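**Q** Sequence:
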Amino acid sequence: MKVSYERGVFNGNILVAKNNKIIYQNEFGYSDGSKSKELNPNSIFNLGSIGKEFNAVAIMMLKEKGLLNLEDKISKFEMHLPEWSNTISINHLLQYTSGLPRVNWRNVKNEKDIFVDLSKIKQLKFKPGSGYTYSINNIILQRKIIEKVSGMSFIDFVQSNILSPSNMKDALIDPRSDNPQLATPFNNDFINDKPMDIEITGWVHPTVNDMYNWIVSLHSGKLISEESLNQLFNSFSESSEAALGGGKFKNNKLLIHQHQGSSFNYESFIHYNAKEDLVIVLMTNNKNFKLREIAESIENISKGNSFLIPQKSVYLTIRQKCYDDVNEGIQLYKTLKKNYPDTYNFSNETELNRVGYKLVEKNQIEDAIEIFTLNAHLFPKSSNAFDSLAEAYGLFGMTSESLKNYKISLRLNPNNTNAKKQIERLKESLKN
Numbered sequence: 047m048k049v050s051y052e053r054g055v056f057n058g059n060i061l062v063a064k065n066n067k068i069i070y071q072n073e074f075g076y077s078d079g080s081k082s083k084e085l086n087p088n089s090i091f092n093l094g095s096i097g098k099e100f101n102a103v104a105i106m107m108l109k110e111k112g113l114l115n116l117e118d119k120i121s122k123f124e125m126h127l128p129e130w131s132n133t134i135s136i137n138h139l140l141q142y143t144s145g146l147p148r149v150n151w152r153n154v155k156n157e158k159d160i161f162v163d164l165s166k167i168k169q170l171k172f173k174p175g176s177g178y179t180y181s182i183n184n185i186i187l188q189r190k191i192i193e194k195v196s197g198m199s200f201i202d203f204v205q206s207n208i209l210s211p212s213n214m215k216d217a218l219i220d221p222r223s224d225n226p227q228l229a230t231p232f233n234n235d236f237i238n239d240k241p242m243d244i245e246i247t248g249w250v251h252p253t254v255n256d257m258y259n260w261i262v263s264l265h266s267g268k269l270i271s272e273e274s275l276n277q278l279f280n281s282f283s284e285s286s287e288a289a290l291g292g293g294k295f296k297n298n299k300l301l302i303h304q305h306q307g308s309s310f311n312y313e314s315f316i317h318y319n320a321k322e323d324l325v326i327v328l329m330t331n332n333k334n335f336k337l338r339e340i341a342e343s344i345e346n347i348s349k350g351n352s353f354l355i356p357q358k359s360v361y362l363t364i365r366q367k368c369y370d371d372v373n374e375g376i377q378l379y380k381t382l383k384k385n386y387p388d389t390y391n392f393s394n395e396t397e398l399n400r401v402g403y404k405l406v407e408k409n410q411i412e413d414a415i416e417i418f419t420l421n422a423h424l425f426p427k428s429s430n431a432f433d434s435l436a437e438a439y440g441l442f443g444m445t446s447e448s449l450k451n452y453k454i455s456l457r458l459n460p461n462n463t464n465a466k467k468q469i470e471r472l473k474e475s476l477k478n
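Going by the numbering used here, 271 is the number at position 225 of the sequence shown; the sequence numbering is gapless.
Hints are not guaranteed to be accurate.
Pair ranges (Cβ atoms, derived) [as the list claims (entries may be wrong)]: (1) Lys384 - Glu407: 37 to 45 Å; (2) Arg148 - Asp202: 22 to 30 Å; (3) Pro241 - Lys477: 51 to 59 Å; (4) Pro147 - Thr396: 51 to 59 Å; (5) Thr396 - Asn233: 14 to 22 Å; (6) Glu412 - Lys296: 22 to 30 Å; (7) Ser199 - Thr445: 24 to 32 Å.
Don't read these hints as lab results, they were simulated from the structure. Predicted model only: the values in this text are computed from it and were never measured. Think of the CB as a built atom: it goes at the ideal place given N, C-alpha and C, for glycine as much as any other residue.
With the sequences and hints as input, model every part of the structure.
**A** As structure tokens, then:
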């Protein structure tokens, strides 16, 4: 963990428990980008999408009391939504298979705005249960149903029925931004995130000890039954999120519960191995997308296996420089590779590819071509690198260059169906 901190891949709090006993707990780094205050055991963090676990468990609590059924349609709860509300069940909300679109954050500043936007939806993206879209609209509707059924505000329900029984004594719901225990998120240039102007309430901000107590309560049967718990791991597909993130089972017994969540530069990760009785909680206010790798290394250490210390993300380090001046970004990449080969991840094409696609999103296509060209040069055996370069050339209208690179990509990976399709399309366009 010390090396992870020194490499710049972890600024945050960690707790590891084995056989119902905390065996390691520590804090690394600062509570904000000014470096004026260090994190402490009572620091609280935004959980991102892990926060949806609380409304999912609240739904199952009400189900166990016979106050609702997962197959109930949301129209039953009189939220004055369009006709499509007769086709969406609570279960669809839990599994993100409702067909509701993602929230349009340009129009939305609070829950009232969300319901105004929902009331304007004339048609769902797909028939409920037939597809998957991860949208906070599903979470907001779950919370509204909890309020309708319980007769309590969502915040009061969670505090009384979940946080207090779970001994999450330091967790706060929607803390003020000036709360001294709230870790402030910042980027790798130590610049704090700007305060959000969106007021979506009901988000739990815990300490690492609170999260440990949550995991213990959740998996001990203290809050909901094992049957209800297992239901919350049902998902649309293996690659889609369940209400509790992700779960692995064997013979209907839960083996692993993992969940990652992020919000701006906040990121959290929880890992529970039921067989090993191992709990890992990682929370950071300086997101580097390395928590899953850190947790994997910790589990290997606990088993006496070999492990790797995560390397710093090249993508996160050079992306802003590339947005401002791609040549300066490329020079920074080369400098890092020369001076810090072990600290940063230079092992595959993924890091530069992410930079390239961000440039595509920003419509900086020429700059993206520069990045993808460098990537293909550095990884000449990567079909993916040439596929991305071909795509960028195509977006820039350079059909011949696009075709040439798709052919290289296909030669490197004969199973690249995208390259096959694009080659056929480009050959046809050159004929015309």
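**Q** Work down the list of hints and note, for each, if the structure agrees.
**A** Here is what the structure says about each hint:
One distance hint, 37 to 45 Å for the beta-carbon pair Lys384 and Glu407, is violated here, with the actual separation near 29 Å. Restraint check, Arg148 to Asp202: a C-beta distance of roughly 28 Å satisfies the suggested window 22 to 30 Å. Our hint of 51 to 59 Å for Pro241 and Lys477 holds, since their Cβ atoms are close to 56 Å apart. For Pro147 paired with Thr396, a C-beta distance near 29 Å fails the hint of 51 to 59 Å.
Separated by about 20 Å at the C-beta atoms, Thr396 and Asn233 satisfy the suggested range of 14 to 22 Å. Separation of Glu412 from Lys296 is about 51 Å and departs from the stated range, judged on CB atoms against 22 to 30 Å. The hint said 24 to 32 Å for the Cβ distance between Ser199 and Thr445, and at roughly 58 Å that hint is violated.
When the structure is compared with the earlier hints, violations turn up for hints 1, 4, 6, 7 and for no others.
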